[in-house]
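> In case you want the letters, here they are:
Protein chains: 4
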Amino acid sequence: MSEIKAALAEQRIETPSWGYGNSGTRFRVFPQPGVPRDPWEKIDDAATVHRFTGVAPTVSLHIPWDAVDDYAALARHAEDRGVAIGAINANVFQDEAYKLGSVANPDPGVRRKAVDHLLDCVEIMDRTGSRDLKLWFADGLNYPGQDDLRARQDRLAEALAETYARLGEGQRLLLEYKLFEPAFYTTDVPDWGTAFAHCLDLGPRAQVVIDTGHHAPGTNIEFIVAFLLRAGRLGAFDFNSRFYADDDLMVGAADPFQLFRIMHEIVRADALTPAAGIAFMLDQCHNIEPKIPAVIRSVLNVQEATAKALLVDAAALAKAQQEGDVLGANAVLMDAYNTDVRPLLAELRADQGLDPDPVAAFHRCGYAARVAAERVGGEQAGWGA
Amino acid sequence: MSEIKAALAEQRIETPSWGYGNSGTRFRVFPQPGVPRDPWEKIDDAATVHRFTGVAPTVSLHIPWDAVDDYAALARHAEDRGVAIGAINANVFQDEAYKLGSVANPDPGVRRKAVDHLLDCVEIMDRTGSRDLKLWFADGLNYPGQDDLRARQDRLAEALAETYARLGEGQRLLLEYKLFEPAFYTTDVPDWGTAFAHCLDLGPRAQVVIDTGHHAPGTNIEFIVAFLLRAGRLGAFDFNSRFYADDDLMVGAADPFQLFRIMHEIVRADALTPAAGIAFMLDQCHNIEPKIPAVIRSVLNVQEATAKALLVDAAALAKAQQEGDVLGANAVLMDAYNTDVRPLLAELRADQGLDPDPVAAFHRCGYAARVAAERVGGEQAGWGA
Amino acid sequence: MSEIKAALAEQRIETPSWGYGNSGTRFRVFPQPGVPRDPWEKIDDAATVHRFTGVAPTVSLHIPWDAVDDYAALARHAEDRGVAIGAINANVFQDEAYKLGSVANPDPGVRRKAVDHLLDCVEIMDRTGSRDLKLWFADGLNYPGQDDLRARQDRLAEALAETYARLGEGQRLLLEYKLFEPAFYTTDVPDWGTAFAHCLDLGPRAQVVIDTGHHAPGTNIEFIVAFLLRAGRLGAFDFNSRFYADDDLMVGAADPFQLFRIMHEIVRADALTPAAGIAFMLDQCHNIEPKIPAVIRSVLNVQEATAKALLVDAAALAKAQQEGDVLGANAVLMDAYNTDVRPLLAELRADQGLDPDPVAAFHRCGYAARVAAERVGGEQAGWGA
Amino acid sequence: MSEIKAALAEQRIETPSWGYGNSGTRFRVFPQPGVPRDPWEKIDDAATVHRFTGVAPTVSLHIPWDAVDDYAALARHAEDRGVAIGAINANVFQDEAYKLGSVANPDPGVRRKAVDHLLDCVEIMDRTGSRDLKLWFADGLNYPGQDDLRARQDRLAEALAETYARLGEGQRLLLEYKLFEPAFYTTDVPDWGTAFAHCLDLGPRAQVVIDTGHHAPGTNIEFIVAFLLRAGRLGAFDFNSRFYADDDLMVGAADPFQLFRIMHEIVRADALTPAAGIAFMLDQCHNIEPKIPAVIRSVLNVQEATAKALLVDAAALAKAQQEGDVLGANAVLMDAYNTDVRPLLAELRADQGLDPDPVAAFHRCGYAARVAAERVGGEQAGWGA
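Going down the list, the sequences are from chains A, B, C and D.
Residues 558 to 942, numbered by the numbering used here, are exactly what the first sequence covers, in order.
Residues 558 to 942, numbered by the numbering used here, are exactly what the second sequence covers, in order.
Residues 558 to 942, numbered by the numbering used here, are exactly what the third sequence covers, in order.
Residues 558 to 942, numbered by the numbering used here, are exactly what the fourth sequence covers, in order.
Treat the hints as calculated values from the structure; they're not laboratory data.
A portion of the hints provided could be inaccurate.
Given that identical chains are not distinguished, each listed pair holds provided it fits within a single copy or across any two copies.
[Said to hold, decoys possible] Straight line, CA to CA, 25 Å or less: simulated SDA-like cross-link-like pairs of lysine to any residue:
#1 K562 to D897
#2 K670 to R585
#3 K876 to R899
#4 K876 to P774
#5 K656 to R790
#6 K656 to E931
#7 K876 to G639
#8 K562 to T896
#9 K876 to H674
#10 K656 to R638
#11 K876 to G923
#12 K670 to R608
#13 K656 to E738
#14 K656 to W940
#15 K562 to G934
#16 K670 to K876
#17 K562 to V916
#18 K670 to A641
#19 K656 to A925
#20 K670 to A708
#21 K876 to P590
#22 K670 to Q879
#23 K670 to E846
#24 K656 to A641
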């Protein structure tokens, strides 16, 4: 148990600045009280999550949503609050110019603009000390014939190469894929194979991001995890959960068993430690539930799945697998999954001087009421703001 | 052929006021030049579509997006332009109050507000002469346990009953279903079975709406069409097309063969004529393509699928089916589908004094340039405006 | 806890005779040692499952797979072994005549043959004391146009009506739906709505069967459970689990959280007790794993999900739901799900004089080795045998 | 038009020996009269398809289904009938040993047996003059934990490497992927990315096979086609069509527009000619329809989709794409798709001395009745025989 607790104590989960802002669907964004109005306040919220959970010490930024004049100051602000800047997420999908795509747009002027933004993001990484450039492209087509599938790959490859070349020592390019939305006929990086192939072409510091909500129905995500780990190309997760499309619900809310299976592959490959370089990020939209407790809940869900994965009896599992004992091997996995790990995690938190129940502690602390009172005037942050 | 042309000449397709306004995804709405700023201008656009196609004589309204002070004047404006007001679509999903649902909300005050809006919509039907109240509820849950599935059905049934009771002579309640979005764990009317069951409870003037984008992957839509026609409960279509979720692309753009199969069931049941009471509506979002030509294209797609369905050799089909001739029966259907019906439709249009190529004629007529120049100032219409 | 244990003690799960026989995919059936060679031996296996679990006192038969000369003797054999005959499953899909369908076949002679088989099954119910006639039709089409969708519904309705009329006092007709397979364009009862509509037409003793593997991707099964319970039309479950299609894996193996949510709706509607009339059946194929332990594992999985559902704090849940506390309500549900109920169930079994670990007890008892040795010669039972 | 006809005249479609044998679902195989009893008769049927269509000059074999003592004699038999032996398909899924996998099995003895079979298949290629070794592995897992995902990749890679090393001059290894079935939790080559990565590791003569029925719902297959063509790694197609899973219906029967889009990518990449090295194969199961006419129909469907793809106005398409004219570009594609190409193909056949209507000509020729009369006694070929 002490080894398991040690592994859990070392775990790092990154929360996204935009998860604290207002979000919604195409039908409606329902604003919430106390939502941050700028990146500084988002970081305050992220730091609050870390204060109660102890495992969320970094926060991802989204540019230009989180653009500030002085990034060094923003990094210091984070440090003052006990957290650090994580990945820099480029946004090349909300400018008027990107209606038909960014880096894969048929118009070279638009592509130039998009790549310049990517290069600016690397500049921000330099200033904030961020290691990871996370790239998700909304590029794609709505109608068959709308553009040339192959030419778009050529343009994408060119943009990625220029960006990759700009990376500094110790910086990485993380390429995300997504089956659909906002493009509805095809996207330009629809699946892990496409992201993987581009990363191979780029070089060793290009890695794939798995957003758990970005797959076709029935896709076995833990297979992809295992495959990319074997190939040395898994860079990060964007955790969330879904019943249908890219629903962006709290991770572990829709299929906690799947999350456990994913974490089992991570543990099995010894990829949980920060040294392994996998960034475990959240990417969620809390459309109807209060944001900070939802992020805390999500962090706990990842922690619980991890604890269960650490409980798997690896030797017994390997033995049953080797013997072709189908039911026995499955039972070893299920035994771990069926264990209630909440007492163990409460104990771990107590060891670390944290409240054993982070959600309850947050609710008691008065932070929500305070920011709701303070954060009036100005404009609440949201997608596009 | 003359019978087929006669059937095609009688066809009626309804276009939606909101299809002329700006739309987008949760990531971005890209505005377009010349987009209407109010319901009057939307009706002008709908009338333009009818002028070039000859088969789109009605336009659906969406309340409160299309709320005006004087509905009689709006109806007269439509009539002056050569069209009429079609279905009234209620909107109980964009008000702050509806965050956790409208007619199925646990809060009775919210439910009252929602039902009052539905009753107001019937009032607007009275004033505009509209026959159909079209109801789509965004109600649903994002998380398991969030609310009680069964209690929500009870509340929904109560709201529907009160609304149904308010209908006047010759008015109908059309109930739409949708698998997901904006709710991501469940919706309160997720499938045709749910809508059908509520319609049975309500009475004969309650009918089901099939939105072609609102199904789970793999759902056979023409089966539902055939089943509801047999049960006398098919009220309307919301036509659009999709590759993944509720993509709201132009009807016939993603799977033209499916559209043909749907129209085949309509023709087979003799349900094409206005007398049959099926409302053939479009419900689409032209996020990146110009809206009026996209609506024209959509109308033509429905027309072409209908023409092919009318070409099916019903006697040969029935004979092959009766004989268990699998390949022969399929071939009869495919023969019709593989026929190029564009010459026939061009001929029909020429007979009716229309340009044989409505898209080209629209582009030549200068309407797009004119409205782009005229419609400046004010706020362009869009979802939520 | 004593109430929960009482509820669990009363639970009844029915196992299928064909689950003990060899099964496989279209690619290959891998035979297993000790598989039964006739219905008598299948019943022996079912009785063994009941002996170790205490909650599987009935076994479904499949006709003609389980046809015998003397059904009364078969019922007595079951009784001698401590179990009883459950539902009678009709098979109208394996005879040469049914290539293009059974009750929906265009050929009236084939339909007559199929209906006669259904009537024979009612006869067998009379002789075995079975309450439930379970009907699943493989009827459907592989190609568009192959047959008339509507005419097939008419034929289906006629066959169901004749069968329903033959039911005796206290007998029920249970109608199962399935999205696809073995028909690949459409089936004649593809979804719950179709089954429900036919049941409504038939009368109060016609009820819907939910096979958990028979839905389109993304279908919310617990919604259907809740809806049918509200409508008084849920007759039975065919439990199994799936990742893709109708995979027929062990129930709870693919998505244990979904199984819990289903059982939560059952408990919430007070439909767990035998008095409620819901038949909780397994319908699985143990293609690669040993069959008896797999059935035991499946029974335990249902039991565990039920125990968790019984642990839900209904008052706290209702309060959070009423208050619109999204995270709070979800947390109440998850608290129950995250509880390790295995100790509780072990205790229950000890109370009942059973081994607390049925799988281990079965492995120790020597039954598998004994039947492997004894059941040589003859032909092992399987699908189609 | 003459260029289009020339391109069509050069087209080559390969039919599968097993498509002429009996097939079915796990529920039932319905035998048909006149079905071949051995590989020699299968080749006779394939030659018949070629005689009427003129574009099906090769036939794929499946080993051991098509094992014979003298492969050179079999190749001569084919040559005598006017066709040649195409790809050799290895079968490592039907032997008792492969219950838990073949090349990825945890048991090294089973792996040895499987690899030996693959090497034998290369031997058969040497003897028959076949160029392509087509590998599909049924390997996979039914239950989470059943085996180690990563170790299975290692074993798979090792088996592939040994097989690849055995290839002779001008021989290729074609690796097929499949999402699921017969394994239901994961397969070991579930998607194109996995096949692609293994091919990269193997070398330039390892290429990916796209079976059009082997994807998750919503997968954009033509994107994969375009991507693999760009990467120089598309080796072959297994054409068929599907509504749900791997339904193996006639190609073009479920979604003819998709088939057209696939062929559009082929034409756009100039990959239609035999010189480009893409093998266009059928892989279908004619469960309920007569097999030879179904294969003819399938060949015609591919031909018709190809003809439409050749009709696309490439210059107009490129111009509209470059200008960002979404509707215009889509219209160029749809114009080609909506054209009735059957007269053109009839003309092409007449030019080649073939009957313009191959299906009708086959029905008139008496072949079906003759083989039904002749092929009595012996055992009809089928999956597994």
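> Going through the numbered hints above, which ones does this structure break? Give me the numbers in ascending order.
Hints 4, 5, 7, 9, 10, 12, 15, 18, 24 are the ones this structure does not satisfy, whereas the remaining hints hold.
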